[in-house]
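Participant: Chains as they are written, first to last, in our numbering: chain Y, 434 to 913; chain W, 54 to 273; chain A, 1390 to 1708; chain S, 871 to 1537.
No wet-lab data here; the hints were simulated from the structure.
This one's a predicted model, so the numbers in the text were calculated from it and none came from an experiment.
Cβ atoms here follow ideal geometry from the backbone N, Cα and C, with glycine treated the same way.
One thing to keep in mind: the hints can contain errors.
[Stated by the list, open to error] Quick partial rundown of chain S residues pointing at chain Y, CB under 8 Å, derived from the structure:
{"#": "1", "residue": "1004"}
{"#": "2", "residue": "1045"}
{"#": "3", "residue": "1133"}
{"#": "4", "residue": "1503"}
{"#": "5", "residue": "1511"}
{"#": "6", "residue": "1519"}
[As the list claims (entries may be wrong)] Pair by pair, the computed Cβ-Cβ distance ranges are:
{"#": "7", "chain 1": "S", "residue 1": "1065", "chain 2": "W", "residue 2": "165", "range": "50 to 58 Å"}
{"#": "8", "chain 1": "S", "residue 1": "1028", "chain 2": "W", "residue 2": "155", "range": "53 to 61 Å"}
{"#": "9", "chain 1": "S", "residue 1": "1498", "chain 2": "Y", "residue 2": "902", "range": "38 to 46 Å"}
{"#": "10", "chain 1": "W", "residue 1": "60", "chain 2": "S", "residue 2": "1528", "range": "33 to 41 Å"}
{"#": "11", "chain 1": "Y", "residue 1": "881", "chain 2": "S", "residue 2": "1489", "range": "25 to 33 Å"}
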Amino acid sequence: MSLSPIIPILLVPVGSAALLALLPGYRLTARLNVLASVLTFLAAVALFVLPRPEPGNYLLVDDLNIVFIVLNCFVGLTAALFSAGYIGHEIETGRLTPVYVRFYHAMYQLMMFGMNLALLSNNIGLMWVAIELATLTTVLMVGIYRTHEALEAAWKYFILGSVGIALALFGTILVYVAAQPVLGDGTPSMVWTRLVAGAPRFDPALLNLAFVFLLLGYGTKVGLVPLHAWLPDAHAEGPTPISAVLSGLLLNVALYAVLRFKMLVAAQPEALAPGPLMIGMGLVSLIFAGFMLYRRRDVKRFFAYSSIEHMGIITFAFGMGGPLANFAGLLHMVMHSLTKSAIFFGVGNAAQVKGTQKFAEIRGLSQSHPALGWGLALGILAIAGMPPFGVFLSEFLIVTSTFARTPALALLLVFGLLLAFGALLLRLTSLVFGPPEGSEHPARAAPVALYLHMAIVLTAGLYLPGPVEHWFQNVARLLG
Amino acid sequence: MERMAFDTAHLLAGGLVLVSFMMIYQDRLQALLNTFTLHAVVLSGAVAWQAWTQAAGHLYVTAAIALIFKAIIIPSALTRIVQRLGIHREVEQVVGTGLTMLTGMGLVALSIVLMLHVTSKATAFAREDLAFALSVVLLGLLMMVTRRNAVSQVVGFMSLENGLILAAAGARGMPLVVEISVAFSILVAFIVIGIFLFRIRERFDTVDVRALDSFRGERR
Amino acid sequence: MALITGFAIQGLQMLLVLALAPGLVGLVRRIKARLMRRPGPPIRQPYRDLLRLMRKEVVLAENASWLFRATPYLVFAASWVAAALVPTFATGLQFSWTADLIAIVALLGSARFFLALAGMDVGTSFGGIGSSREMMFASMAEPAMLLTVFALSLVAGSTQLSTVVQVLHGPPGVGLRVSLGMALVSLVIVAIAENGRIPVDNPATHLELTMVHEAMVLEYSGRHLAMIELAAALKLLLYVSLIACLFVPWGIAREGDPPVALALGIGTYLLKLALGGAALAVFEASIAKMRVFRVPDYLGVALMLGLLGTLLLFVSRAL
Amino acid sequence: MIEAAAIATLGLFLLSPLAIALRGRASVSGLIYALSILPCLGLVGVGLMGLGDRHSSAMVLPVGLPWIGAHLRLDALTDFFLLVVGIGGAATSLYAIGYGRHEEEPGRVLPFYPGFLGAMALVVLADDAFTFLVAWEVMSLLSWALVMAHHREAEVRAAGLIYLIMAAFGTMALVLAFGLLAGSGGDYAFAAIRSLPRSMPVSIAVAFLVLVGAGSKAGVVPLHLWLPRAHPAAPSHVSALMSGVMTKVAIYAFLRVVFDLIGPLPWMVSPVLILTGVATAVLGIVNAAVADDMKKILAYSTIENVGVIFAAIGLAQAFRADDMPTAAALALSAALFHVFNHMAFKSLLFMSSGAVLTATGRRDLDGLGGLIRRMPVTSFLTLIGVVAISALPPLNGFASEWMVFQTVLQSPQLPQLGLEMLVPAAGGMLALAAALAAAAFVRFYGLGFLGRGRSAEASNAREVDRYMLAAMGGLAALCVLAGLVPALVLDRLAPVVEALTRSRLPVQSAEPWLTVVPVAVARSTYNPLLVCLFIAATASAAAWVVHRAGTRALRRAPAWDCGFPDPSPLTQYGAGSFAQPLRRVLGGVLLRAREEVEMPPPGATVPARHRVIQHDLIWEWAYLPLARGILKVATEANRLQFLTIRRYLAFVMGTLVSLLLVLSIWR
């Protein structure tokens, strides 16, 4: 375990968080933030190359989490890059003071630590702690502008999040109670790898109960309807890099936790099949978010609802299960992370250029800011499920595989997808096309991160490299 | 001895549920705070008893935290807030007490029915005490939902959390219980500080939607 | 030898229809005048008109285009070719296989299409009104005509006019059928509309807002007008011949019949033409022209009859 | 062969990044369009050779869906549609060399144009569901981007919005169809799909879904609403491609699934197809007959032609299901022939409306007129297109329409009485559509090109450049050629028809004088070549005789017009007045058309006003309520955005309790 890249993945963020909290100066801290993210990312990539460590009582690297770690560190890196320019602008306009920026950067790394820890943990208790850590740091970041709205959003997030925390903990305790007679007292009954192995002998009723609490507890973080209420406001009022990370990563991490427990429950054949619950919540999220999209006036809140919609799709896919749907769900998670964070990068730029987040005041971007406008258009089309982007691939697989098995569900799914598509296109038309409105100053930062993400999403839609595909297949089989 | 240990634990857990009902019944803030203090004391006793029967030393810490923090510090802090805001007499329920009580009984029944499904493979604790813990959790949630005032919602949240601690303490050999109780105490402290700092009196339940409308720009 | 006779008969037919067409118009006018107690022009008057028109100078509107000048010849040619393909006194015409009944209808459609375009070429309001109404009538009449064609073709199992006539003529013949009756009525209605006769249009008027065909060709003069008049006469002849050969096919010579049969065929054909012209005159004299927007109803009847005729074929077979 | 097709397609796709890289340069427009011609010609070559030697070839590329890769394959059907795409694409690209110079924002057209062509070719080449759908959707997406080229106009944006939403709807229908076809096994290759057994209900469902999916792209009623909005909104060469080629690609998709992938299909499907086709044809052309915008007329007429094609396909399906392969072959030949013809004349007409737009800046019939004198070549070529589209002999539109009617007359052999009666009735409706098409295009040509110019722009129009004329000339030549010697085209279609129906027409080119003999000489024959020769000979003979025997004298004078003094071109019949009879007769029901006259009292100096009020009933009865319903639900749901935290907590608790209840009941 000594040479393992796990250590830098966890320690670099923690260390830099401490350092960043101490250092003054925006330029230095921004660069340091990027540097730390680069290091973490490199360490994450090294996970692929170096032999994997044996799963311990606390940490684990397996097929399921490795790609999420890499994805997490990658988006963390691009978001840090984007954030450097973004925060610079915020300082110039006086929305953030240097003290808060220092705090922001420290929190950023702490949040990355929390998410990485959650992904790496092999212990359901540790996972709980890590996810709560990540949540609390994001709460603080959402409120960082200290405006009335931001505080309110943070407060809402905090309260709803706390209840979610409590429910998830109760679920965790229930899992322990179920495991304890089989695996014995103490830590072994909380180690995920052992839990999965022992699950067939657990009490099914306790597992059922545990799964309900975990689904609702972590589902609050995922933003599943009707537990989603914090999500749109938190996205809309926080700094845009955080919105990107929230949508792109934190939701994924929470969903990852749900997946882990789904595997656990699925391992006990007598327990309630977790599928229908997830399918139900997924569909409700998808369709509800689809409707909510139509009345949005705030750009970021709009895309926050779109995240809810996509979390619904993914939850649905995992609920359906089977190699095809699981594959599609995993792919969709990755594609959604990349695309949605790219969109937030674009939206953040646009909002800074135009000085507003209102749809009505951002128009005709392709005319006034071609690079930004077209990039955003690509992102929105991609998230709407248009080929040749990767989201299309996953949606194609989800819809076709579902329709062959349960047509009625697929029809609902398609209805939700089309609903959201209509809203996305409506907004795309007004954002990107038409005569420009508002400021036409050139954008401060070139949308490099946006195009980088889109390039990956595009490539994935056309060509998945063999190893990646094998990995996905493997995990899809694991998920059952 | 085994029987006695079990019965006492059972009694304390049942007592916690009872106190939860008492809290739901209260319609004055000050009385609610007082009842909550009782809740915390009972919890502390239950945890301490578990510590003794399981011979788990760390649980005494949890019991102590429950006693000091929840039975003493938080209630007194909240009392100050209540008095400063001048709302100690507020009657602030959304639905009538009777209905709430009925719902609460339904929730307890639900918890028991759920636990009946648990097979005999699980320990007796799992079958019985978990039902109480679940009841306390649900009753806490019910309290959060049926009260308008931020302070009583905090109390609801804390009683919910007490249910968690009860469950965690009852789970034989569960690690991290102390850490969890500390973490939750910090969380609660944050909430209380939040209420204190932002003077959130009604923010939990802003009835006046126009106040939201003014900045959110979302409503037609 | 057969080839030469074939060509000869085809040539004879072409000349015959060309020669007879103005005569038919003259006959109708004459009978109509007589029915109205007027002496009326002699039957040969249309020939004289045509010759006169051909010798007259053309007065062309200043902005008329080449299309305006080419149209009369095109219309004439299309009408003549179409008329030449309808069996008049003999079936098995040499070139009957170049176009079947559907194509003949469509050829007339082409002629009308160009005429309507020519009506709009000069850019006058009368031309527009004529073209617009002509196309409206056509858009009802053509499907009615085609439905009639369907009914006949379904009975005969062919759209080839010669074959259809042979099948209808027999032996063994097809007997009396409701469908055929409906088809006849429908075809007559269409024929009246297509030729711009009363009650759809009045070929004798000018300067009236209700005129259709005449408004369309208002700007034509001299030899152009002659071509158009001749084409109109040919079209009338075509419809009369068509009705005659389909519904009263007796006397038509068959392929390979001796010359006597041909002579007999010509004789009966002339008789049929005369009767047809007389019937038309009587009909026209006894009815008033209808309002323009009533015409669709009138043509709708034809459409319905055509459809019913077609559908009844199957019903009666199924019964 | 397949390699050549793949390379040509790839070449088209690669031109898009090139256009982005070279953006802003003066010559880039001509370069990109010129370069687009070559791959299109390549596709034409592949198609022609493929139809000649009947070998199918396939390849698999390691892209696309990971575990099956991207399958591409050439067979007869693909060859034919590649030919259609190639010809349409080459002609349009040639045209665009000239037309593109007048584009205000070439940066919004050039990057998408070659990719659009490539996507259409790829749809036809694809041999697995995923590649097919990706290509299909990319085709939609790029054409949408092209429609949005003139995005500053609100109308264009609305058109784009409706277009892409309906495209997504159609694609979803196709996705579902392929989901049913492929089952849950995950093998989406067409070869695997073909070999899967499936039950009749599944087959019927697939056919229905494909009708919705492909039909919405082709413009089948009631899914056609985007078409008359989007096609006119695009730059004209793109309109030509969308109407002339993209709708054909949609028909390809339908044929590929229904006649190839599904396998046997019961006859019950065919009445639906026939009725849809007929309704599409009639409704489309009625709208065309009353529309005022040149490109809108053309777009509606596209709907009509698609209806005709679908009706013919429906007939083919009826005959196929009833085991009458010869009749099915005839029907399918008619459909495919019409596909080809429509590609030629509709592209031609859109190009000519583009030429008019370039020359005058207008496309409303009430602002045009007299172009036959200002733009003689364009006008002549347009005349050919107009005659062709009106289904008049001797051009190609009639040839295929004639074949459709011949198919209709095969109906007595059908065993189902209902179908037997439906078919001739449908034939009558198709005849109505054809006659209305003639009326609509008399109006189109008469108002647009004849008469006197109704605006200064029209009166001062100048002939367009040689590239545009050459492209239009080529297509016009194609119309004439296919019209005069349909036998040659029909023989090329034989392998396609044979592949889909296991039967074919008799070899046409062996008949004397290249006569078309669909079934037997005694049954029906048509020889446009001779008819045309006769007419030409007769017309010239008549002219000769008249000029010799009569007089050649000619005098130019002001128009007579019954002696009516007519100083202003505005007194000519206009678009509204020309449409009035048809609007009254048919529009009263189908369009709810009403006329309102505002007559001022005697002595008042205000002008009298006449207004026409028309309704698009499908739009108002189906689409608007749907949109309103969604917005209403959205508004209701939106209340949930403004609740208090307590209420949100109540949701959490409600969910928890209800799930717990489920748990307590479960088992």
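Participant: CB of residue 881 of chain Y to CB of residue 1489 of chain S, is that within 25 to 33 Å?
Facilitator: 44 Å, violated
Participant: Is 50 to 58 Å right for how far apart the beta carbons of residue 1065 of chain S and residue 165 of chain W are?
Facilitator: 57 Å, holds
Participant: For the restraint on residue 1511 of chain S, tell me whether the closest CB of chain Y is nearer than 8 Å.
Facilitator: 7 Å, holds
Participant: Taking the closest Cβ pair, is residue 1045 of chain S under 8 Å from chain Y?
Facilitator: Hint on residue 1045 of chain S: holds, closest Cβ of chain Y at ~5 Å, below 8 Å.
Participant: Just tell me: holds or violated, for the beta carbon distance of residue 60 of chain W and residue 1528 of chain S against 33 to 41 Å?
Facilitator: 34 Å, holds
Participant: Given a hinted range of 38 to 46 Å, is it respected by the beta-carbon distance of residue 1498 of chain S and residue 902 of chain Y?
Facilitator: Given a distance of about 44 Å, which is inside 38 to 46 Å, the answer is holds.
Participant: Report holds or violated for the interface hint on residue 1133 of chain S, using the least CB-CB distance to chain Y and a cut-off of 8 Å.
Facilitator: 17 Å, violated
Participant: Against chain Y, with CB atoms and a cut of 8 Å, does the hint on residue 1503 of chain S hold up?
Facilitator: 5 Å, holds
Participant: A closest beta-carbon separation below 8 Å is what the hint needs, so does residue 1519 of chain S meet it against chain Y?
Facilitator: This interface hint holds because 6 Å falls under the 8 Å limit.
Participant: Would the stated hint for residue 1004 of chain S survive a check requiring a Cβ distance to chain Y of less than 8 Å?
Facilitator: Hint on residue 1004 of chain S: holds, closest Cβ of chain Y at ~4 Å, below 8 Å.
Participant: Between residue 1028 of chain S and residue 155 of chain W, does the C-beta distance stay in 53 to 61 Å?
Facilitator: 55 Å, holds
In summary, the structure is inconsistent with hints 3, 11 from the numbered list given earlier, while agreeing with the others.
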